[in-house]
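**Q** Below, each chain spelled out in residue letters.
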Amino acid sequence: MRYHSKSSVRSVLISALFFLVIASAASASVSVGVTLYNSDSVVSENVNVENANYVSSAVLLPYTGFADFPYSIHSSGSGASTSSEGKFSDSISATQNGEGAKEVDASVKTNSGSFQWSKSIDSSSDVSMAIGVSSRITNGNLDATYSNSNSAVEKEVSTWNSMYADKSYIAAGLLSSSGSGSSLDEMENGFTSHIEAQHLGKTAIVDSDVFELTDSEGADHTFSDSAKLSSGSASLAGSLSILSNNKCELLPMVGISGGPIVAVMKFTPFYTDTEKSVFEVQTVPKDNSPISFRTVERTMPSNIKTYESVTMSMIAKWF
Amino acid sequence: MKMILAALFVVLLLSTAALGGPGTVKTSVGTFTQTNVFFKPPESIKDIGGGYTISTSATGDEKINLDFETESTFNLNEDRMISIDTGAKTSASGAKSFGMMAALTQTYPTENGYRSSIFQTHSYTVMPYLFAIEQLAGGKASGDTAGGYNNNVVSIGDKIFNFAAKSDYNGDTLSEETYDPSISTVPGFGWENGFDYINTVNECGLEYTGTLSTDSALLVD
Chain A
8 MRYHSKSSVR
18 SVLISALFFL
28 VIASAASASV
38 SVGVTLYNSD
48 SVVSENVNVE
58 NANYVSSAVL
68 LPYTGFADFP
78 YSIHSSGSGA
88 STSSEGKFSD
98 SISATQNGEG
108 AKEVDASVKT
118 NSGSFQWSKS
128 IDSSSDVSMA
138 IGVSSRITNG
148 NLDATYSNSN
158 SAVEKEVSTW
168 NSMYADKSYI
178 AAGLLSSSGS
188 GSSLDEMENG
198 FTSHIEAQHL
208 GKTAIVDSDV
218 FELTDSEGAD
228 HTFSDSAKLS
238 SGSASLAGSL
248 SILSNNKCEL
258 LPMVGISGGP
268 IVAVMKFTPF
278 YTDTEKSVFE
288 VQTVPKDNSP
298 ISFRTVERTM
308 PSNIKTYESV
318 TMSMIAKWF
Chain B
8 MKMILAALFV
18 VLLLSTAALG
28 GPGTVKTSVG
38 TFTQTNVFFK
48 PPESIKDIGG
58 GYTISTSATG
68 DEKINLDFET
78 ESTFNLNEDR
88 MISIDTGAKT
98 SASGAKSFGM
108 MAALTQTYPT
118 ENGYRSSIFQ
128 THSYTVMPYL
138 FAIEQLAGGK
148 ASGDTAGGYN
158 NNVVSIGDKI
168 FNFAAKSDYN
178 GDTLSEETYD
188 PSISTVPGFG
198 WENGFDYINT
208 VNECGLEYTG
218 TLSTDSALLV
228 D
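So the sequences go chain by chain: A and B. As numbered in this note's numbering, residues 8 to 326 make up the first sequence, in order. As numbered in this note's numbering, residues 8 to 228 make up the second sequence, in order.
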């Protein structure tokens, strides 16, 4: 008897919502805004897509524990690009009993790339929400911003004859983002990246550039970045490496910017509110000049293999 | 592919000491020395310091001899930073692998915290047979400039092989290696070396570290 009573209550009071967004034609853009609320919480989501699709579903209950459900609002969704040029933005906000507003946001735009993302929201005794994003570009551009109520990460990456892949996770109390890339062959390649992290009143930026303006084989490059912003600490890191093949000698030169391969990294720290510098801009190499590389074919017995690399890296931590 | 081969080389170096079988390591010896010198300029309430760290180790079958000597000079420059000139000579015999790391560190206080710079060099030599090695490694660090060298003379019986690397941040060549091509007659020989320039700024609650590293590996099939 009790079972029938619970079933009938479920059928009457549970609201299930489902929406599907598709914008796959060239330059087609679709926006959707959804607000779910009950006696406990208000959850809002705004999604904009261009050349992407998105599917989301939600369960809305009167209160947590109703019909033995562990939440009063649950929503999950996922989307993906449908073209090499696309973008999305997904913004989620929530309050519980009118207090403790939380927000997570993600937006990605790719040119010659792809992306996919998913989101989940649960309102029970507390509100939890998260967005996970992965994106990839090949010979293209990535513009991405990720943020929650306390922190933000911004990425701008461009690649030539190179690829880059990014994975990011944005929750109410944690924002992590990491990416890595590499050249696709040893000639005419390069990348530029701008990674900006804002947290705990400070903003730090790592800018990295590599250009290989050579039409002969000799060296590859790899690069990576990582940002982790949690409740009481922040870290931002970046690195890039130039690697020779086993036929060539890699000659790195400091203070000479005219070589066929040029690389430099720059670190900029400032206070977020005032934009006043925490300390002056730092560079690798330290003298603010790019490092230049030449590759020279090595004449060695065939059974001798040599591998040479130069790695530039930056890491910053603050609390 | 290059990354994979480089990773394999690292695994090879590590496994040489870790695995049993024909390459079983029965003995290993090492030295570690660290010196720090602090100056207190009259107008400063904080110490200005610097030092060096040198670590060497060798592994072999039965008996390894490892002789080590070092000499360093410290000077205070313009009441702000110190200059360090260090040289170390190590001789090892009866070894199957030999590794070293040497670092110079300068630390000085600033109005909002402190800053430091580190110059370090490292190398690792591995051989399928017992060998003798004499290594000269050294470096100079003064103000914002640093540089150093890492020379190795490897002897197997009557045969002598020379390997050298140098790095000079002041000049235009960050890293330059000299290999001995006659080592092609010794399959299984491996030599890795590198230099690191590390700068740290710790001010106003933000700690930044920037590093410029070179690394070179040689393998004989």
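Quick caveat, the hints were computed from the structure, so don't treat them as lab data. Note that this is a predicted model, so its numbers are computed, not measured. Take the hints with a grain of salt, since some may be wrong.
[Stated by the list, open to error] With a straight-line cut-off of 20 Å between C-alpha atoms, the simulated SDA-like cross-links for lysine to any residue are:
| # | chain 1 | residue 1 | chain 2 | residue 2 |
| --- | --- | --- | --- | --- |
| 1 | A | LYS209 | A | CYS255 |
| 2 | A | LYS324 | B | PRO116 |
| 3 | B | LYS47 | B | GLY150 |
| 4 | B | LYS173 | A | CYS255 |
| 5 | A | LYS293 | B | LYS147 |
**Q** Against each hint, give a clear statement of whether it holds in the structure.
**A** How the hints compare with the structure:
Distance check on the hinted pair: LYS209/A and CYS255/A sit about 43 Å apart at the alpha-carbon level, beyond 20 Å; violated. Only pairs whose Cα atoms come within 20 Å are accepted, and LYS324/A paired with PRO116/B is accepted, the gap being roughly 19 Å. Restraint check for LYS47/B and GLY150/B: satisfied, since their Cα atoms lie roughly 17 Å apart, inside the 20 Å limit. Of the supplied pair hints, the one linking LYS173/B and CYS255/A holds, its CA atoms being roughly 18 Å apart against a limit of 20 Å.
In summary, the hint linking LYS293/A to LYS147/B is supported, as the alpha carbons are separated by about 17 Å, within the 20 Å threshold.
The structure fails to meet hint 1 from the earlier list, while all remaining hints are met.
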